[in-house]
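There are 2 protein chains.
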Amino acid sequence: MDPARAEALLGFLALADRLKTVERRGRVVLPGGGTRRENSAEHSWHLALLALLLHREVAAEIDLGRALAMIAVHDLVEIEAGDTYAYDPAACATQAERERAAADLVFGGLPPDLGAWLRGLWEEFEAGASAEARFALGCDRMQGFLQNVLSGGLAWQEHGVRRADTAGRMDPAKAVDPVFAQLIDRLYARARAGGMLPE
Amino acid sequence: MDPARAEALLGFLALADRLKTVERRGRVVLPGGGTRRENSAEHSWHLALLALLLHREVAAEIDLGRALAMIAVHDLVEIEAGDTYAYDPAACATQAERERAAADLVFGGLPPDLGAWLRGLWEEFEAGASAEARFALGCDRMQGFLQNVLSGGLAWQEHGVRRADTAGRMDPAKAVDPVFAQLIDRLYARARAGGMLPE
Numbered sequence: 010m011d012p013a014r015a016e017a018l019l020g021f022l023a024l025a026d027r028l029k030t031v032e033r034r035g036r037v038v039l040p041g042g043g044t045r046r047e048n049s050a051e052h053s054w055h056l057a058l059l060a061l062l063l064h065r066e067v068a069a070e071i072d073l074g075r076a077l078a079m080i081a082v083h084d085l086v087e088i089e090a091g092d093t094y095a096y097d098p099a100a101c102a103t104q105a106e107r108e109r110a111a112a113d114l115v116f117g118g119l120p121p122d123l124g125a126w127l128r129g130l131w132e133e134f135e136a137g138a139s140a141e142a143r144f145a146l147g148c149d150r151m152q153g154f155l156q157n158v159l160s161g162g163l164a165w166q167e168h169g170v171r172r173a174d175t176a177g178r179m180d181p182a183k184a185v186d187p188v189f190a191q192l193i194d195r196l197y198a199r200a201r202a203g204g205m206l207p208e
Numbered sequence: 010m011d012p013a014r015a016e017a018l019l020g021f022l023a024l025a026d027r028l029k030t031v032e033r034r035g036r037v038v039l040p041g042g043g044t045r046r047e048n049s050a051e052h053s054w055h056l057a058l059l060a061l062l063l064h065r066e067v068a069a070e071i072d073l074g075r076a077l078a079m080i081a082v083h084d085l086v087e088i089e090a091g092d093t094y095a096y097d098p099a100a101c102a103t104q105a106e107r108e109r110a111a112a113d114l115v116f117g118g119l120p121p122d123l124g125a126w127l128r129g130l131w132e133e134f135e136a137g138a139s140a141e142a143r144f145a146l147g148c149d150r151m152q153g154f155l156q157n158v159l160s161g162g163l164a165w166q167e168h169g170v171r172r173a174d175t176a177g178r179m180d181p182a183k184a185v186d187p188v189f190a191q192l193i194d195r196l197y198a199r200a201r202a203g204g205m206l207p208e
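Those protein sequences? They're chains A and B, same order as listed.
The first sequence maps to residues 10 to 208 in the numbering used here.
The second sequence maps to residues 10 to 208 in the numbering used here.
FYI, nobody ran anything at the bench for these hints, they're computed from the structure.
Note that beta-carbon positions come from the ideal geometry of N, C-alpha and C, so glycine has one too.
Misleading hints may appear alongside valid ones.
As the list claims (entries may be wrong) - Listed next, the stretches of chain A that the computed footprint assigns to chain B, with coverage defined by at least 3 CB atoms under 8 Å from CB atoms of chain B:
id, region
1, 97–105
2, 135–149
3, 167–178
Claimed, not checked - Restraint ranges, calculated between C-beta atoms of paired labels, are given here:
id, chain 1, residue 1, chain 2, residue 2, range
4, B, D194, A, A99, 44 to 52 Å
5, B, G129, A, A68, 53 to 61 Å
6, A, C101, B, E208, 51 to 59 Å
7, B, E16, A, G41, 26 to 34 Å
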């Protein structure tokens, strides 16, 4: 490998390391009790597991390599743009523009072939432009919801989120495939039974 | 999907969540300065990125979906067995047995088809039984080394690790493909230049 290419790959991996310090609103329960906020790197890994479990359950034909590659890069722009909380309208209004600028920076440091491939995967995910992109979106939203249920709905309570507020985010995930609808409805039932998400 | 299958999938995802609290020795540099220990979930994600960058660079033909699936599950047994520090001989001596017992528990809760598939991927990784498994091993060891270099070699210093101690772990990674050897040698050069890893 050309030395400049090797340096560019190592530089990208060093930059990517920062996703481990981008905090989401959802929480991880700690072994000794208490919680901490989940970061976008571990969220991305959890999402990959979800994709492993579901890629053969949905009606669409899913190319697993393509879906997992998309999942690995789907939040990388947050290194520069930060995580945008789904229930913060002001942040959501500027999200697309901030993330495009971030994508220039994050993917622009890679050799052109790899930069174009990974940026293309991120754009495909954002646009829901393929079966894999819609599948990954279903996994992404379901993982965020699951994380809230696993941590007793703490992030919902902290931000005053009610059941109706979640529909705009979860209905598109349920629409991806009946399997997503079934699993997400099951999580809604747990949230209701646990008093985690007020009506 | 059968309700029992849905419950088993959600139960596995809840169990897997605990990998986010399994700490490795390597450290993540925090934005405000200082470091914290990396966890095995975010390590697994970083590894997936490394696989994206390198799977077309190595001589062997790599099935990306298979490699990324293997990477997503390669550390799951640590939920029960904990992370085993590569430079702790006592822990390494019992590692295989502890991890087999953990695999029974972690993969045994899944529906049989998925449990057998994911356990098979983990065993394939452990045995280096395919081009994807050897590729994933190269990525795994290189990521651990990279993480030390990114955090100034703090974990090496904490545990008195010297350059020669790392050979048993890094030489097999370098042997996977000349591309791994080139990148790892580049990281060694950085560690030496930064005084991170004593001779």
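Report task. Enumerate the violated hints, using their earlier numbering and listing them in ascending order. Result -> Numbers 1, 2, 3 and 5 - these are the hints that the structure violates, sorted from lowest upward.
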